[in-house]
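Take the given structure of chain Y and dock chain A to it, following the hints.
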Amino acid sequence: MTDPILTAAAERRLKKRHAAERRFRLYGQLAIVFALGFLAILLGRVVQQGYTTFWTHSITAHVYLDPARIDTSDLEGNNFDYLAAGDLLKRIGVKDDELGLASGEAMDLVSRDLGFRILDRIKADPKIIGQTLTFTVPVKANADLYYKGEIKRSTPAGDRKLSDRQMDWLDTLKAKGLVRGHFNSGFFTRSDSTEPEQAGVLGAVVGSALMLLVAALIAIPVGVLGAVWLEEFAAKGRISSFIEVNINNLAAVPSIVFGLLGLVLFVNWMGFPRSAPLTGGLVLALLSLPTIIIATRAALKAVPPSIREAALGMGASRTQTVFHHVLPQASPGVMTGIILSMSHALGETAPLLMIGMVAFTPGLPETLTSAASVLPVQVYIWESAAEAAFHERTAGAIMVLLAFMIVMNAAAVILRRRFEKRW
Amino acid sequence: MSLTVVIVLLLAFSGGVYWLGRRRAVAQAQAETPLHSLPGYYGTWVALWTGVPALLLLLLFLTVGPRVGEAMLSANPPAAVAQMPPETAQAFWSDARALAGGRATSAQPWTAEERAALDAKVVEARRFHNTLTWGSFALAGVLALAGFLLAWPRIKPGLRARNRVESWLNVALIACSAVAVLTTLGIIASLMFEALRFFQVVSPLDFLFGLDWQPQIAMRADQVAAKGAFGAVPLFAGTFLIMLIAMCVAAPVGLFCAIYLSEYAGSRTRSVIKPLLEVLAGVPTVVYGFFAVLTVGPAFRAFFNYIGSWLVEGPIDPVGRYLMGVQGEMALTAGFVMGIMLIPYISSLSDDIINAVPQSLRDGSYAMGATRSETVKKVVLPAALPGVMGAMLLAISRAIGETMIVTMAAGSQARITANPLDSVTTVTRQMVELLTGDQAFDNAMTLSAFGLGLTLFVVTLTLNVIALRVVQKYRQAYD
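Going down the list, the sequences are from chains Y and A.
According to my numbering, the stretch in the first sequence is residues 1 to 423, in order.
According to my numbering, the stretch in the second sequence is residues 1 to 479, in order.
So here's chain Y without its partners, still in its complex pose (with noise of 0.2 Å):
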């Protein structure tokens, strides 16, 4: 169907031009595909190097505490995973050599955990050596990671951290029964380990949390107050254009360089403890707190007038009309903005990386000013070890920060759409 008006040439022309148009739209819906493309890409990854984590594997192990092996009078300088990997030898039925070579490379296969379990039963009652005990512990990370098929017996020996026949052994420990697969709940309750295999991240999610109140408790009553100040009472005037400028450009600053006021400020002129939640919440505290004030004016400002205008028409002051009408109408706005800002906080990694978070802490935070770790700085920690086993950590890490993130976001969007109003 062609117009009688158009000549040719134009009709040529006017297929060029929406030919054209396609390429435009085309364009436009390869950049979507393309960001949200690897955005599946980066989430797939993170999930398939890491839901390994939340599975692993225990061994139960039958102990006889031989009286003729166990030195009573230096409990401490017994090695009883020695001893106990010779149980497990015996166990599979595998003579040991006469060096005990093999009982220790299988002693390589059972987490050092168990040693430690022995020495706390036999502490707390010396009279149960003789008796053969049964415990169950995780197997060590380099058999965990055979038995998920990541350590391949087709890898040339070298090239891998298992024996031959240490791979024997564990296929042995298996058939027998004696090697079971669970839900890792280690995972969970406990802290960071140089053990992959009890390595968790208790310690670093409550080390988040508490930063989170500290860097809560310091940025929304500020930021929400200030916002107040700026929207509602000050002259618009000089001052308060300053001030907005000032923390429109406080937004945008380098999230390292907070780091550096925190160290200089916090740590080396007020002399608080590096590395502690109380000193990492202040400087998430600042690095929200423009965030907050930005998000806080927006919700104040959707407010309409007639709502102050009511207000005072009452006779109530503007202090009164402020905090009593004006404010709990923009609540969720405001609560919105705190939410999604804190959880930009809970992924700060630069700014607690110069505050000193990167020592290594075993246990939990017991108190705010005592050394911690966080989720985000787990993550740069055990993504820099040379472990493999911490490689699927990692992403386990990940897993859960992403996890309290999205939480977190999905709040702040339940917020905005069951209680925002339109005017």
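No wet-lab data here; the hints were simulated from the structure.
Given the structure is predicted, the values throughout are model-derived calculations rather than measurements.
Honestly, I wouldn't trust all of these hints.
Once the Cα atoms are required to be at most 27 Å apart in a straight line, the calculated DSS-like pairs of lysine-lysine come out as [claimed, not checked]:
hint : chain 1 : residue 1 : chain 2 : residue 2
1    : Y       : Lys148    : Y       : Lys174
2    : Y       : Lys176    : Y       : Lys161
3    : A       : Lys378    : Y       : Lys16
4    : Y       : Lys15     : A       : Lys377
5    : A       : Lys378    : Y       : Lys15
Only chain A this time, still in chain Y's reference frame:
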């Protein structure tokens, strides 16, 4: 008695005072002299006078108390310490503080004479600490009582208690918004202070224009090359290269995302895609770093090695051999992943700006027979150009200040190169390297991080100021 107990006591006292003040106001009210304000305001007013000055004093003690104690302690150093080299003296003071606080000391061996001096200082430190603590607690108590006694007799029905409470509140509000300004001042002051100490050792010209970056050699004072080399140009070059790669990825993709979302996509598509892009924007940078190291880096390496294996023994054999040896840790990996991180940032900023272009401009263009893409290219984008440029500047400033991706994926060799397949290092990466681990604030190596930090702050601030100006001016033009 710890600080927490004192604060709880103070709060409890203020609470009691609130109740008393409220009751007094109610008791005094009569038919002919009614209360000016609601009774609660009288209570609040007395409680504020009681609690706030004392709390401020405790806060002051909390923040500067330890410093004052240290200054008093080191005011008269013992003879043994005066002769020590600076590092040993520092260890001495930190040991004295640690012993006084019941913490673990350093492994420094002290001679008997030094030990005696140390013990004397420990006793002194404890004394100072106790004096300071109890002194400030007592002063806080006096302040609380004085505030109460001052305010109490003035509770009369005619007192404009609400207005007074509101002016207290007003001061608090102003203080809160001043915190943002104080933060900026704090950043400038702390960076300047430490950077000036650095520039006393290394001249600013050598730092800004030097071509050699080797801070590690400055570790020991007795070495020949004790001064180290602090020419930051390789770091600036590396930062610039990675920023350029990131913008090459993010600018077109982000802009096209914004154009598609605002000009083509229907409201349903928008409502699906926008939140997904927000998810991309919310992913922590450390996760991007992990992605760069374990996914993008190996993929790029495999890709270039594969291409290299094709070219080897061909007409451009050296190129092939070079590509065969490419490692995952390179500028391209970090820049590419950073580009992905910036896409949602650019897209949401540009989306706002494109949406601000008045519909009448588009309608005019359509009426003249232009297609959508022609309207976008010839009308909307030129109108939005200043704003889009502002968005790009903000993204550049973010790329320069981004830390985790480059720390994990870029490498640590300081070199000046334009080859994206080389490993380069950046300003932020070096700051992390210099400041993690041992932080002694007396050598040029640690202090150089503040020189870098100051440069970074000045550059990003300049970019932000320009960008925000442009964006704001542009918005006003169409409002």
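Here is what the structure says about each hint:
1. Lys148/Y to Lys174/Y: Distance of about 12 Å is within 27 Å: holds.
2. Lys176/Y to Lys161/Y: The given pair, whose Cα atoms are some 23 Å apart, holds under the 27 Å limit.
3. Lys378/A to Lys16/Y: holds (17 Å)
4. Lys15/Y to Lys377/A: Holds. Lys15/Y to Lys377/A sits at ~18 Å (cutoff 27 Å).
5. Lys378/A to Lys15/Y: With Cα atoms ~19 Å apart, Lys378/A and Lys15/Y stay inside 27 Å; holds.
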